[in-house]
Amino acid sequence: MSTPFYVSPQQAMADRAEYARKGIARGRSLVVLQYADGIVFVGENPSRALHKFSEIYDRIGFAAAGKYNEYENLRIGGVRYADLRGYTYDRDDVTARGLANVYAQTLGTIFSSAAEKPYEVELVVAEVGETPEGDQIYRLPHDGSIVDEHGSVAVGGSAEQISGFLDREHQEGMSLAEALKLAVRALSRDTNGTEREIPAERLEVAVLDRTRPQSRKFKRIVGRQLARLLETGGASTEAESSEEE
Amino acid sequence: MDFLSEHQPEILPGNRQLPPTQGVIEAPHGTTIVAVTFPGGVVLAGDRRATMGNVIAQRDIEKVFPADEYSAVGIAGTAGLAVEMVKLFQLELEHFEKVEGAQLSLEGKANRLSTMIRSNLGMAMQGLAVVPLFAGFDVDRDKGRIFSYDVTGGRSEEHGFAATGSGSIFARGAMKKLFHDGLTEAEATTLVVQALYDAADDDSATGGPDVARRIYPIVTVITEDGFRRLTDEEGSEIARAILERRLERPDGPRAALL
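Those protein sequences? They're chains S and B, same order as listed. Those letters in the first sequence? Residues 0 to 244, by numbering that gives the first Met the number 0. Those letters in the second sequence? Residues 0 to 257, by numbering that gives the first Met the number 0.
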């Protein structure tokens, strides 16, 4: 029987992190931004069926970059966690913080267990509050840490570059159309500084809208409404969101 | 529900063992629920009374709940169990929608409710039955549909109108005489309140409109725009209009003889 090579724990962890980061970087980036009436999720996604963003609970949304089957697994786990909590206690007792902790535990355990390969995913869990101050956005990298974000966050391929751009450009109290256009501008910047066009049908957009009358605040923005938001100025967003109801 | 039965079976309503009891367990019971379809949707309504034996347990109980955006459940039977069943049913529909990314078909929802009623059969044998009425707008067929159930979970689709609960015999009689295929939404909402009035007239367990306390039946409408519960003002307006006419003719509108 051959003796296995000695690998120092630091080296093993660094290798695993490298592996996960490379996997995540292969996917397209996505951004999550706060705007005046909630939180908007924007990403480039050629598929209509495989969503990067989804609803977890009334006020909680989920975004993921990386390997589809792995984050889908985590998403379903999150929906189960939230629904079970809400049924056992009350709908108000399901919070993004609780959910982010569960995800962090799961990702952390998988990352440091030698028997499994690390998940190549990076998640964002966002909860929309009654006011912009109540909004919470958590970013969960592949290793199970939690980063509390404000204003804007980007994950995926060229996340660092995009979030640098967003930090400079993002302002509080933007309208949905403004935030959406900023997000598209951020996503369409290539690493070498040139811009490319992302057509509306390749965009996946969803919002957690605190002004929605229903208790479930998550809504996908598709088709005509998306096209209108992308071409119009910020002024007409009010009319559009009310029309959609 | 499948997930719950694997992981936390103790919180499912149907999974409790009851000790053997003598006679019937006294618990609040909900009474009459009625539903009527009209072109473009369906109306589901319920009275507000819960009884416990000969005592009125609650005057303002709510027995009609939205199940999801396009369907609603009205409950008759043991109130505590029924409310919990509805809560689980709502959760299942929402959970399915989030996980699968699509809504269950109306048939699928009706079947799911059927399974849940059947799981309560043990309790039903001891007098704690739950018999709901399920109504929804079928987006595939573009019309309102009603499903009624029995204690064993047997499901049957009702065409036109249906009623469940202790006053259902009287309510059904009233609806039979008033119903026709071309009702408008406003006529359908009036019809259900008339039927509930007639049920309350002859069944002691069904509550009529309570003008003094301003407690009126809950009326909900489901159309392609989704579920909508009539506001208190709209509900009281219908009930008051009916009361006004009943002052002249206490038995309600008269149907043609031939």
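I should point out that these hints are in silico values taken from the structure, not numbers from a laboratory. Check the hints yourself; a few may be wrong.
[Claimed, not checked] List time: in silico DSSO-like cross-link candidates among lysine-lysine, alpha-carbon distance up to 30 Å: (1) Lys218(S) x Lys66(S); (2) Lys175(B) x Lys218(S); (3) Lys116(S) x Lys218(S); (4) Lys116(S) x Lys175(B); (5) Lys66(S) x Lys116(S); (6) Lys175(B) x Lys142(B).
[Said to hold, decoys possible] Stretch by stretch, here's where chain S covers chain B in the computed footprint (C-beta under 8 Å, at least three residues): (7) 1-9; (8) 81-93; (9) 244-250.
Values in this document were obtained by computation on a predicted structure and should not be read as measured data. Positions of the beta carbon are idealized from the N, C-alpha and C atoms, including for glycine.
Status of the hints after comparison with the structure:
| no. | hint | result |
| --- | --- | --- |
| 1 | Lys218(S) x Lys66(S) | holds (23 Å) |
| 2 | Lys175(B) x Lys218(S) | violated (42 Å) |
| 3 | Lys116(S) x Lys218(S) | violated (34 Å) |
| 4 | Lys116(S) x Lys175(B) | violated (66 Å) |
| 5 | Lys66(S) x Lys116(S) | holds (13 Å) |
| 6 | Lys175(B) x Lys142(B) | holds (20 Å) |
| 7 | 1-9 | holds (count 4) |
| 8 | 81-93 | holds (count 4) |
| 9 | 244-250 | violated (count 0) |
When the structure is compared with the earlier hints, violations turn up for hints 2, 3, 4 and 9 and for no others.
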